[in-house]
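Whole structure, please, built from the sequences with the hints as guidance.
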Amino acid sequence: MAAAVTELELERRVMAAVKASAERGDPPLLQAAEAARCIREAPASAPGGLALSQALVTNLCFAHNTAAMWKLLDQAMLSRLVDPLHTLALLTPRVVPNRREQPEAYRLYLELLGRYAVAPVYPERMEKKDMLAKSIDSAMQLSHRFGFQHLDFGHTVILFVLSLVNMLIDCILDDCGLPITSADEHGNRNDMNFNGKGRSLDRGDEHREHLRRKNILMSIEVVEKVTANKIVQVFLRLVNRNIPENFSCLLRKLHLIGAVKKKNTLSPYNLLDSLIMNIQNVISTDYQLDRKRLLGVPVSIQPCSSAVYSIFRAGKGSCWIPFDMFMENAMDGRHLHAISSVEYLTELSKTLQVLNRATWQETFQALWISALRLVQRGPDASEGPFPHLDSRLCMLLAIIPLSIATIVKEEVGNLEGDTTFVIRGQLVSSLQILRQFFGLLSPPPAAVHLANTAARKAAVVLSNLKNGSENMYSSFKDSPSTKAVGNMLHLIVEACITRNLIDTSAYFWPGYVVPLKESSPVQESPWPSLVEGSPLIELKDALMVTPASRVGEIVLFCSKWVTGGKVGSFEDFVWSITSSWLEHSEGRYVQDMPMLHALVSGISSIDTVHILSMYGLVPEVASILMPLCEFFGSLPPSDHRSCKFEEASVYSVFSCAFLSLLRFWKFHRPPIENALSRRGVSVWSELHLDFLLLLRNSHSSLKNLSNVTQSSIFKLDIPFQKPVYIDSFPKLRAWYFQNQACIASTLSSACSRTTVLHVANMILKIICHNKVPKGGVLSVNPQSTENSSTSSSPSGVQEDMCQWPTLPAWEILEAVPFVLEAVLTSCAHGRLSSRDLVTGLRDLADFLPASLPAIVSYFSAEVTRGIWKPVMLNGVDWPSPAATLPVVESEIKEVLAFAGVHINICPRPRSVMPMLPLPIAALMSLSITVKMEEFSHLHGIIGQGIEICTTSSSWPAAQIIGALWSQKVRRWHDFIILTCSQSPFTRDNTAVAQLIRSCFSSFLGPLVDGRSCFVANRGVANLLGQTFDEKAHRLAVAPGFLYMRSCWLFPNNSFVCEEILEVVIERAHAIANACSSDRPARLRSDSLPLSAASSLVEQIASLAATMLCHAGGVNLIRLLYEQIIPTLLLSGGEAKLGSAGQVCSIIEGYTLAYVLLFSGARIWGVGETSPAYTSIYTSKRQRVVDRHLEFMARVMEGNIVLGCGDATWRSYVLCFVNLLVNFVPTWIPEVKLKTLQKLASGLQRWHEGDLALSLLERGGTKTVTSVVESLLQ
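First residue of the sequence shown? That's 0 in numbering that gives the first Met the number 0, and the numbers climb one at a time after it.
You may find that some hints are simply not true.
Think about it this way: if two alpha-carbon atoms lie no more than 25 Å apart in a straight line, the pair counts; the simulated DMTMM-like pairs of lysine to aspartate or glutamate are [to be verified]:
{"no.": "1", "residue 1": "K1233", "residue 2": "E1121"}
{"no.": "2", "residue 1": "K18", "residue 2": "E40"}
{"no.": "3", "residue 1": "K764", "residue 2": "E946"}
{"no.": "4", "residue 1": "K1237", "residue 2": "D1185"}
{"no.": "5", "residue 1": "K465", "residue 2": "E410"}
{"no.": "6", "residue 1": "K892", "residue 2": "E1058"}
{"no.": "7", "residue 1": "K128", "residue 2": "E40"}
{"no.": "8", "residue 1": "K213", "residue 2": "D73"}
{"no.": "9", "residue 1": "K1261", "residue 2": "E1196"}
{"no.": "10", "residue 1": "K224", "residue 2": "E205"}
{"no.": "11", "residue 1": "K70", "residue 2": "D151"}
{"no.": "12", "residue 1": "K408", "residue 2": "D502"}
{"no.": "13", "residue 1": "K1261", "residue 2": "D173"}
{"no.": "14", "residue 1": "K18", "residue 2": "D73"}
{"no.": "15", "residue 1": "K133", "residue 2": "D174"}
For the record, the hints were derived by calculation from the structure and aren't laboratory data.
Structure (structure tokens):
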């Protein structure tokens, strides 16, 4: 009560002072000063300005509603005796609800609003600012209206401005007789009888009614003026970015403005149009650097399909090169990916759509073209244990449609109303444009029949429609005479129809169906007819003489029988078969052994495993194989016979499941790679069993969430939703840890479990019986403490002891390392001949093929220890490569030379007799003895071991191994040469540097005298090329293809990054040299336009970023942000500048900024990513980006001295921040507030206030106050 009395007394004193000043004839400004003095002298708790505005507004509304008081208030606001924001906040709830009873007051209020709402000033002291925010909030009830518990100063201001705009629009709509949804917020009334007496209007009433109509027009003028102000637009943009649900209410009201325009009572239609345009500018405004101050066109705003790209680009797909390189990298069957190619390609598509400023039609078209190029690059003429056409067709017809389906679903969810058809229309347009690419649409020979079948399906539909058939979509067997010629477009369309991306209206596209005349019949395979249900008797003769063109036809036939005639998608078929495994009892496992053997053997093929990896099903399939391994590995075999893959037995099922499981992770990696991975060297060691189970469980938990299940590609059954842990499989867990221990250190024969040593001795007696001189046999000595110990024992061994034991497979595997140690040591000491060693290993592998991974793992680890002497490959003790070694070395040199790498592949002088370390020689000899029908199946295990042996050994072993394998498998010659051609990159940085430069030259053209030379033969085709040159009848490997196959072998990724950046800088200098000229301007016709220079920079950055991401992945990009780029800027100097001087420095910094941001966007994405993608790639983005921006801020504050030039540094910072603002604004809210504030302060010191403001705008809710303060200063 005392406070109320004090407030009333204060208002009385203020009015007394004002009246006294007015009686003295003082102007309004002096009257306001007297009122302010009165406030200062009074013991009020509130600051003087707030108390004065409260007193003036209270008396003005409406006890002393006079023109003199409005003038006094105007002068007080103008002289900042009262705060304009607070004063308007006090006036609004008092004047607006009474605008009809007090039209004069409302008009004066509108004048003050239009004058002071766009240029307020806030107090400097923090406590006054907080009190001002609290007062505005209390006057306008902002917290209650917008649902906030507490509002800081920034949110108070932007919500206050939003309320004013909403209020004015509501008043306009209400005064024009249109319904509004928020009338209660502002107290708008619908009754026109203000005095409640219902009497007719007198002359005064007519005047006030005229004033009310004029107030409507003035309201339109004021709201248009307010929203046209740049500061207000920033405030509204902050609301849209941080509180979009409140801004959407304003957008809905704009739709009603159109109804206002239709009424005859209002004339200023142009002001209403301007109002709508102002609000639209709030949504669409993006920042662009000042073109006059930096490079002319510093950030290209033209899409990749613009005229500039058409003239100066490096081929048609230059801006989409990441698509081609990702797809080619996905075809490397040696590496299985933990995340689905669908998810990775989806994020990559969204990233490139943003970075290239492209429409979805252009993005989808680029996806199809890249995949078609991938199919055309398929090495059909080459044979070998690598993914073939099936995997490439899977990318085109399965992975890409699934990625597009995910994108379409997300985009449709973001669109409203009838606009949902837009993105589907863009997809249709991208498919129709493909008809222009005749060369890419030509199907490979193995896919000709499939393409013709797809075209025939459309022809049947058109024929039935033409004939008036009731069933337009009848099956093929009802129209046997209908034939058509198909291409890859028909297969793509059918894949899209299957995924419900388009409908069968595609059959009616002009020229889609090309009927085939009877004079040129198509030789069709009978296999699809059998799948479609034709009688087997009628096709028996044709099936016997016509082989299936591809494995997929047989798989399709088998899946039809297994699923009861309902053939679904590939993943549905896999889950329908494997989901029953987890539900079976142990008895059912044995009963269904033949079926399990067939299924596990079927998924063991290289193409099948690779396709499973592309679908991201490696963790799930691994969890399915683990119970099979655990169960069948614990069962003893039924007899003493060796295992045969083609027969269903306990050992064969276990071996197939175990070998398939081990191919899913790098089980044989030596311990040195763990140390290398911590130094940033890419060793691909992330795929281990623990990590696979972690991924599997995380995938299962994510797909159980409701919001994730809606966007998931695969729906898991209930058994798959339970977590799987390695502890649930004790036998597998024991072998897993034993294998890790054998890799980490040398094996000790001192074993506490005598049963293991007993089994090892049994195996030794069998594989070494009658092979050791002097009638002895080898055995493991349990009393020895040596690392490797063998001894001879008397020959009194019973004959039955030479039979293979009927023991469970896990017990055999546990003893294998001790057997290997004994035989390898005996061979090294001359107790066991090399032939007997290889024969014994072969016998062991024949008896239990699952022992092969233990052999590979042990020998791979022993190679890295460097303790074994080399053996001579003389053709007597060990196989000799002499016959084919010169030819292999010559072809390797040719392959490298074609790719632009000219090195000596044998840096060390080799003796006349080729030599290899003993473990490599033993493993290589074992691989040669494997039967051909088994070699393709086992190569996934043997090949990995030999590969790591060649890369871990200091001996130049790749050529020798290639020569030996080429003698064994002549039809794998091209595959062997290509594999051996990658070995120089494991240890020679010179070869790596030459390959990197060759990639840039093939894609962008060579450099001549420091300038870029534009040649016709460049771009994607020249970078990735063809894997086989049929005209030259030799292996021709493009540099980009060789880079993608070898980048994971590079010994030092830091060197790779530095080399790529060095080439990027050279290319930037070449662009600068091409842009500048010493001749007069009228003679500079050969100079490169600045707009084209900007486009070329993007091409360089796109290629460099893609190469960096594939070479080192997440770890290398982290080093690039945190260490490599900062070190380069700190150590750079003027000596790096080219002949162009200042321009060269600017383009250098500009290019580095592009490379850095493109690299991060390629790995982390440009927006919100899926949970699975985030867990692997995006989780570290916040820390990395924050550290780099902190480095930039500290340099701008002067705390760090740079070595590069000021022009390079300035262009780098401005370009990177601009790219950050325009392309990846979702990164900015993750950065710390202090970092953003320091960086914005540095930009303001450079007179880049707009860029600083744009940076802070996108910082999220934490930067709202900073933006408001910077604008209200």
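Now for the hints, and whether the structure bears them out:
1. With a CA separation close to 18 Å, the supplied pair K1233 and E1121 stays within the 25 Å bound.
2. Restraint check for K18 and E40: satisfied, since their Cα atoms lie roughly 18 Å apart, inside the 25 Å limit.
3. Annotation: proposed proximity of K764 to E946 is violated, straight-line Cα distance about 31 Å (limit 25 Å).
4. A threshold of 25 Å between alpha carbons decides the hint, and for K1237 with D1185 the separation of about 12 Å falls inside it, so the pair holds.
5. Straight-line distance between C-alpha atoms of K465 and E410 comes to about 37 Å, which puts the hinted pair past the 25 Å bound.
6. Of the supplied pair hints, the one linking K892 and E1058 holds, its CA atoms being roughly 23 Å apart against a limit of 25 Å.
7. The suggested pairing of K128 with E40 holds, with an alpha-carbon distance near 22 Å, which does not exceed 25 Å.
8. Distance hint between K213 and D73 is fulfilled; the C-alpha atoms sit about 21 Å from each other, no more than 25 Å.
9. Restraint check for K1261 and E1196: the C-alpha separation of about 22 Å stays at or below 25 Å, so the hint holds.
10. Restraint check: the Cα-Cα separation between K224 and E205 comes to about 29 Å, which exceeds 25 Å; the hinted pair is violated.
11. About 32 Å separates the Cα atoms of K70 and D151, which puts this hinted pair outside 25 Å; it is violated.
12. Distance hint between K408 and D502 is fulfilled; the C-alpha atoms sit about 16 Å from each other, no more than 25 Å.
13. Annotation: proposed proximity of K1261 to D173 is violated, straight-line Cα distance about 36 Å (limit 25 Å).
14. Distance hint between K18 and D73 is fulfilled; the C-alpha atoms sit about 17 Å from each other, no more than 25 Å.
15. Taken as a hint, the K133 and D174 pair is broken in the structure, with Cα atoms around 31 Å apart against an allowance of 25 Å.
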